[in-house]
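K.L.:
Chains A and B are the protein sequences, given in the same order. Quick note on numbering: this note's numbering labels position 23 of the first sequence as 23, and the sequence is numbered without any gaps. So this note's numbering is basically just the index in the second sequence, starting at one, shifted up by 1000.
Treat the hints as calculated values from the structure; they're not laboratory data. Don't take each hint at face value.
Okay, the calculated beta carbon distance ranges per label pair [stated by the list, open to error]:
no. : chain 1 : residue 1 : chain 2 : residue 2 : range
1   : B       : Asp-1009  : A       : Val-39    : 40 to 48 Å
2   : A       : Gly-97    : B       : Asp-1079  : 42 to 50 Å
3   : A       : Phe-95    : B       : Gly-1101  : 42 to 50 Å
4   : A       : Lys-37    : B       : Gln-1005  : 43 to 51 Å
5   : B       : Asp-1185  : A       : Val-43    : 30 to 38 Å
We put the CB at the ideal spot given by N, CA and C, even for glycine.
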Amino acid sequence: MNQTQKLPNMSDFTLQALNVAIGSIAFEREALMLRIKSVSAEVEDEEQLSEQVLLIDRTLSEFHDEYDALRGNSTTYPSFEEVIAEGARSARATFEGK
Amino acid sequence: MPQQQFTDDLKNIYIAADKGGRFFDKTTPVVLFRGIKRGSSAGLMQPTLIGFHLKKGPRKPDVLFRDGQGKTPQYEDSDINRAIALDESGDLTRHILANAGDYIVQGCRTIKGDHRGMSLFDKVNPALSFKWYRIPANSKIPPGIAITRDADALHTELPIHYTAAPKDNMTLSLFLQHLKELAIDVQPV
């Protein structure tokens, strides 16, 4: 490491971890939404896909504040909405090839 | 029987955390939506009393309640650090509802985490297998309940989660009654 390069502080690590977690949850949410569209009501019911989405929405509401608070006015990391959109885009690319 | 008086303890927790703008106990701040699983026999404003398992882990009960001996039927061995109790037959839930006056719901004392109350959202997700109901903005909030917005953001693309939280300890029957009163002007979507 270049001696003049600053080591990231703990909040950078936390923000990075949260960024990854939120992106991953958004990916999972979109994957669930795609599955809901493609399976029968019986399968949806059996796998409780809708309940999983609601639980994710509750979790994301709580993460939103944490992320914004750590990110502050920094432009190094994308906004919460951008992280969500990227997670969803990534899920669509994975499962639909879009 | 004298009416129960409710404290500002939960409100003060929000104020202390500089989140006072997310606490409501007079009228609902926005249109709120409640989804109920299609085909479910549960009442619209019935919180999840007994948890269940989802693929990723347990869906814990919405609120924690205990009987006169301080025991909760919601967790194995009445220990909230152990596994959630399950109720595939629905018998346990029916028993709890039939004896709701014997259980004391724990008042909400946090701004995030488990057992805070019943979920509401500021928008519907029509793709889900839920029937959605609309609680108008400015609906009167019954005295034992607070509505909390669980994010600072006022508008996002995804639904914002709100909680109908018990303000203080009260009987489960009173909490359920107040939840029903909250939905007095509810309309199907």
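K.L.:
Is the distance from the Cβ of Lys-37(A) to the Cβ of Gln-1005(B) consistent with 43 to 51 Å?
P.N.:
holds (49 Å)
K.L.:
Could you say whether the range 40 to 48 Å given as a hint is met by the Cβ separation of Asp-1009(B) and Val-39(A)?
P.N.:
Once the Cβ atoms are compared, 45 Å apart, the range 40 to 48 Å for Val-39(A) and Asp-1009(B) holds.
K.L.:
When you take the CB atoms of Phe-95(A) and Gly-1101(B), is the distance between them in 42 to 50 Å?
P.N.:
holds (49 Å)
K.L.:
Within 30 to 38 Å: is that where the Cβ-Cβ distance between Asp-1185(B) and Val-43(A) falls?
P.N.:
holds (36 Å)
K.L.:
So does Gly-97(A) sit 42 to 50 Å from Asp-1079(B), Cβ to Cβ?
P.N.:
Taking Cβ atoms as reference, Gly-97(A) and Asp-1079(B) lie about 47 Å apart, which means the hint holds.
In the structure shown, no violation is registered for any of the earlier numbered hints.
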